[in-house]
Amino acid sequence: MAEHLEQSLLCTETTNVGDEDNGMIVDKVLISQMGFPLESQEIIREMMEKEKQHLPSDDYIKRLRSGDLDLNARRTEALNWIWKACEEHQFGPLCVCLSVNYLDRFLSVHDHPNIDKAWTMQLLAVACLSLAAKIEETEVPLLIDLQVGDPQFMFEPKSIQRMELLVLNRLEWRLRAITPCSYIRYFLRKMSKCDQEPSNTLISRSLQVIASKTKAGIGFLDFRPSEVAAAVALSVSGEMHTVHFDNSPLFSLLQKERVKKIGDMIGSDGSGLCSQTPNGVLEVSASCFSFKTHDSSSSSHTTHLS
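Heads up: the sequence shown is residues 1 to 306, going by full-length UniProt numbering.
Some hints here could point you the wrong way.
Unchecked claim - In silico BS3-like pairs for lysine-lysine, Cα to Cα no more than 25 Å straight-line:
1. LYS190 - LYS62
2. LYS190 - LYS50
3. LYS190 - LYS260
4. LYS52 - LYS62
5. LYS256 - LYS117
6. LYS52 - LYS261
Worth flagging that the hints you see were computed from the coordinates, not collected in a lab.
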């Protein structure tokens, strides 16, 4: 099974064909990303028990803050490029979250003296986005075409594929990661009066906020995906300051003080429901969870690496 998965992941010279109708894309995204049609509390509890397996190592944030890992390289060489590429290819916020999840998990366990170098970090970012796109997107560009956004370096497909395999091995092939996106529909539904399914608009706004937190500093890495999802759901629905934590079944699985702290962080960073991207504005509509990019006239020197 692993061999078949590896072959499918490395078949990068053929483009996945998907329906170009936006409504169809949304349906596929919702089906593939939101998990079970109607998640039960038991399923959510099981996800919360397993979510730690999909997080960076415990000392990762400490190493970033201490300078053991280059925080600036992570942001400028990796995160900024991932956002630019997602804008260009109109990848959804779910793809952004997975890419950053792979990146942080890999950095937390891979000990290599060159990992902080600009070209290595950019190659890692390309590999992580490539893997995430293959998991989440209906259409995936060729590896050479994936490298947009005026990157400093350009890599040959074979180099990206080698990095993909290294990432896969380090992540133990756990690509279907549990992120805040995995919980958002359940939490939004539990906040409704009659346990109703949330609207696409509310879901898309929540996904937008979650994605924006991937570049809002490393403070959100202190929290579990379920805690972030709960705080985002409360903030987007306007319930952060009105919900009764002690009486809500939603918070029987969570530490309310940690959720409140995340809510305060969301409110204090000024992001609201719209966040400025590195090269444009993220606009998530009710009809299509995609990144709308603005043209950029900037250019930079590009180095080709094999």
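- Take a quick look at whether LYS52 and LYS261 sit within 25 Å of each other, Cα to Cα. OK: LYS52 and LYS261 at ~20 Å, within 25 Å.
- Are LYS52 and LYS62 close enough, with their CA atoms no more than 25 Å apart? 17 Å, holds
- Message: Tell me if the straight-line CA distance from LYS190 to LYS50 falls inside 25 Å.
- Response: 21 Å, holds
- Query: Is the Cα-Cα distance between LYS190 and LYS62 25 Å or less?
  - Reply: 34 Å, violated
- Query: Hey, LYS190 versus LYS260, does the alpha-carbon distance stay inside 25 Å?
  - Reply: Holds: LYS190 and LYS260 sit about 17 Å apart, inside 25 Å.
- Is the straight-line distance between the alpha-carbon of LYS256 and that of LYS117 25 Å or less? The hint is violated at about 40 Å.
In summary, the numbered hints that this structure violates are 1 and 5.
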